[in-house]
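**Q** Given chain A, put chain B in place with the hints provided.
The chain contents come next:
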Amino acid sequence: MSESKVRLAAVNQNPAATRDLLRIVIVGHVDHGKSTLVGRMFHDTGSLPDGKYEAIKAVCEKRGVPFEWAFLMDALQAERDQGITIDTSQIWFKTDARDYTIIDAPGHKEFLKNMITGAAQSDAALLIIDAAEGVREQSRRHGYLLHLLGIRQVAVAVNKMDLIGYEKEQFDLIEQEYRDYLASIGVTPTFVIPVSARQGDNIVTQSTAMPWYKGPTIVRALDSFMPNASPVDRPLRFPVQDVYKFDQRRIIAGRIEEGRIKVGDEIIFSPSNKTARVQSIEAWSAIPGKPLPQEGVAGESIGITLDEQIFVERGELISHIAHAPIETDVFRARIFWLGHEPMMKGKSYRIKLGTMEAPVTVQSIESIIDTSDLSNTSSHQVERNQVAEVVLRSRRMLALDEFNSAPKTGRFVLIDKYDIAGGGIISMEGYANQRDLITARSTNITRVEHGITPEARAFRNGHRGGVLWFTGLSGAGKSTVAVALEKKLFEKGYNVYVLDGDNVRHGLNANLSFSPEDRAENIRRVGEVSALFARAGMIAITSFISPYRSDRDRARAAMNGTDFHEIYVKADVATCEARDPKGLYKKARAGEIKDFTGISAPYEEPENAELVLDTSALSVEESVERLVNYVEMKFKV
Amino acid sequence: MDRLDQLESQSIFIFREAFNRIENIAMLWSLGKDSNVMIWLARKAFFGHVPFPVMHVDTEKKFPEMYAFRDRYAKEWNLNFLRELCPPIEEVDDTLPPAARSAARKTAGLKKAIEKYKFNALFAGIRRDEEATRAKERVFSPRGATGQWDFRDQPPEFWDQFKTDFPPGTHIRVHPLLHWTEVDIWLYTLREQIPTIPLYFAKDGKRYRSLGDQDITFPVASTATTIEDIIEELRTTKIAERSGRAMDHEAEDAFERLRADGYL
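Residue numbers (this note's numbering), protein chains in the order written: chain A, 1 to 637; chain B, 1 to 264.
The following block holds chain A by itself, in its conformation from the complex (with noise of 0.2 Å):
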């Protein structure tokens, strides 16, 4: 054996080496003695470096204060001085099961930033409760944002149980109380354990004040924690981070967040929707000739060459063909909120998701999540430290995935000019993929040249063909004056039909459905019937809800913008619910109807409509004759 292989050799046989390592963080409201914990456990694990006892001693004899564990964290001197830690910091410690890192986490509401920073590089979480002061602000909003984070194992610490007495009965109902809350946002903790972080009381050893506890100590808790399992064997997540030529090979660089990837694979680029085969993925050794590696998993960082030169750039997301992301301009989110500046509606900001930059725009801001109660408030604007439910809406497709299947991909954080100002988490609901809707399938195609020109039509038929595009909710009014104008028209001469979305279900979209994937096909198609109309030389008046901006443009951008025309029938959901003609809106509140427009589903109001009509102010007849003055003075040739 040549001495290199024996020295590998004695690596592999090296416990150290293959240790699991385990991140927890430590969290709570302030001053409910999570400092004191940290110091405690490693003091009676004998995990203090020699000599740190006495330092923490004479720091704290020096400012006249009685012993501070906190002092083994606290290391600023603006901690130290007043009393409180400001940032988060970790220490190491181990068991026999394992190795841990210890994340302290500030439990003062101004630092949630540093909380966060904290507590989201954990495996795992230690919550603490003081058992004097019960269950407060920050434990709850630390429980929340654990779950919002997405660490799913937690255990609960009820501390200061000496001030007690060590009774059962009060320890009893604050178990009750936080386990409820725990319950209310989906979160079970593994134990809830009574501890005196002071005294040691069932920190490394068993209490012997409270007999009547009969669970783990902290110690045996936090190695009853399981390590996050790598999600290797989930669809591949593989965002690039770079594309590199240092020498002749073209290196697309990136560390792989789900799944594996192997040498022949067919990959495609999201949102850019390329596709290639991996050549290669490449990797340095030390060692000469070593060979390269056939395949990458979750959790590497990798390169890959590919079999054609495709122009590919940081941000776009690799998967394989059949478990794509999401393409979306639009999507759902929980939101926390670290500005120094409230988060505004309709107020821009960069979002980052993984490798990828881009504008976004805050289209609404649906509520106001209370963190002590999970109520809902509605506000215009997001302040710091809140978490609320929002509406963002890009200007080009994103790839992306909704965080609770591929929560790597399905978070992301906003920044205001220079700084992160929040981090959220990603929901589709009431939402469509649009993939499928800008995915061109056929290929070999090429466009027949028409021998007779637009103008040619316009001339003879006396007018421009192009489309009115009706939006609305229901109720509003499109249909009776969408039919009221095309009598009116055709009576001119116009060359005019509606298209109206209960027929069009009858035929052409008989297959769709009313998911949001189907109903954003439904207005596809309906776009692209009402060009081909328009360019026919008629006149198409469409008359469905399309509550979706992103429908609406890819209808605008299949006339190519011209010639087309969003007319906004305009009517609150209180007068529409008045008239409801159809009696949906008595159905949908008696919950017969899934997401219906305006009660249970978004309506995105148009923001540079050519024409608004106000049907609660204007008659049926009203709103025809401006119509028709409107046409008149547009589609002249």
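Honestly, the hints are just simulated from the structure, not real lab data. Don't take every hint at face value.
[Unchecked claim] Facing chain A, according to a computed beta carbon distance under 8 Å, are these residues of chain B, among others:
#1 R3
#2 R16
#3 F47
#4 T133
#5 A135
#6 P155
#7 P156
#8 E157
#9 W159
#10 K163
#11 D165
#12 A240
We put the beta carbon where it would ideally sit given N, CA and C, even for glycine.
**A** For chain B alone, coordinates are given in the frame of chain A:
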């Protein structure tokens, strides 16, 4: 993936983020065990290349073995190597305790070099487990125009989204090894067979655990003569890694003051 693979992958990710997002970046090479691992990781991240300058800010008071190591591997690893000298001690804040004042020379040399080359960012091989103020660091750590660290208001950093947008004039420290521990460094050095300065191994019952300037760095009692011995020693020792670095211990806040002013 074992623990070393995970540490390595995370460091590579950090290197690639910084290299993509920040123009004009360089790496600090202190010649010690950590920064040698850091260079190794950069070669992995960039497929055998180190695509930025590697700079030694020289106090001219290092051990001869360190200089010999530097001159050999700067060539062998094909580095774009820069050596910058520190100013004389008289130019350094005289209110600092002696060893801290000596260490502050390095900060002054660093600031000079940053100005000279207009570096927007530097890779530095510090780790959280070395020292309590380093434990509070960010991976991407912004500094003021004169290099100060505002530890009272650090940016949030989560989900591997680092602060990569800065107003002009901000300087950034990037810390690819922040999440490593001392024993991880040695386990990785052993696995990858990364060259090591012999001062880390015991001679006459003493070895250096951490290398700095000759006059303010002291060896610890040890019998470890191989990397395997060192790993075994670290499993049981209760002596802090930087106990032989004089500037950490002169006053409670000596190291915090050094770091707030821009020391690594």
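**Q** Is the shortest C-beta separation between B:E157 and chain A less than 8 Å?
**A** Holds, about 5 Å.
**Q** For the hint on B:T133, does the least C-beta distance to chain A fall short of 8 Å?
**A** holds (5 Å)
**Q** Would you check whether B:R16 satisfies its interface hint, that is, whether its CB is within less than 8 Å of any CB in chain A?
**A** holds (5 Å)
**Q** Quick check on the hint: B:W159 CB to chain A CB, less than 8 Å?
**A** Holds, because the Cβ-Cβ distance from B:W159 to chain A comes to roughly 6 Å (cut-off 8 Å).
**Q** B:P156 was flagged as interface toward chain A. Is the shortest Cβ-Cβ separation under 8 Å?
**A** holds (4 Å)
**Q** Taking the least C-beta to C-beta distance, is B:D165 closer than 8 Å to chain A?
**A** Holds, because the Cβ-Cβ distance from B:D165 to chain A comes to roughly 4 Å (cut-off 8 Å).
**Q** Is the interface hint satisfied for B:P155? The criterion is a beta-carbon contact with chain A at less than 8 Å.
**A** Holds, about 6 Å.
**Q** Double-check B:A240 for me: the hint is only fine if its C-beta lies closer than 8 Å to a C-beta in chain A.
**A** The hint holds - B:A240 has a Cβ within 8 Å of chain A, the shortest such distance being about 4 Å.
**Q** Given B:A135 was flagged as interface, is its beta-carbon under 8 Å from a beta-carbon of chain A?
**A** Holds: closest Cβ of chain A sits about 5 Å from B:A135, inside 8 Å.
**Q** If you take the shortest Cβ to Cβ gap from B:F47 to chain A, is it below 8 Å?
**A** holds (5 Å)
**Q** Hold the hint about B:K163 up to the distance rule: shortest CB distance to chain A must be less than 8 Å.
**A** holds (6 Å)
**Q** Under the criterion of a CB-CB separation shorter than 8 Å, is B:R3 in contact with chain A as hinted?
**A** Holds - the Cβ of B:R3 comes within 8 Å of chain A, reaching about 6 Å at its closest.
In summary, the structure agrees with every hint in the numbered list given earlier.
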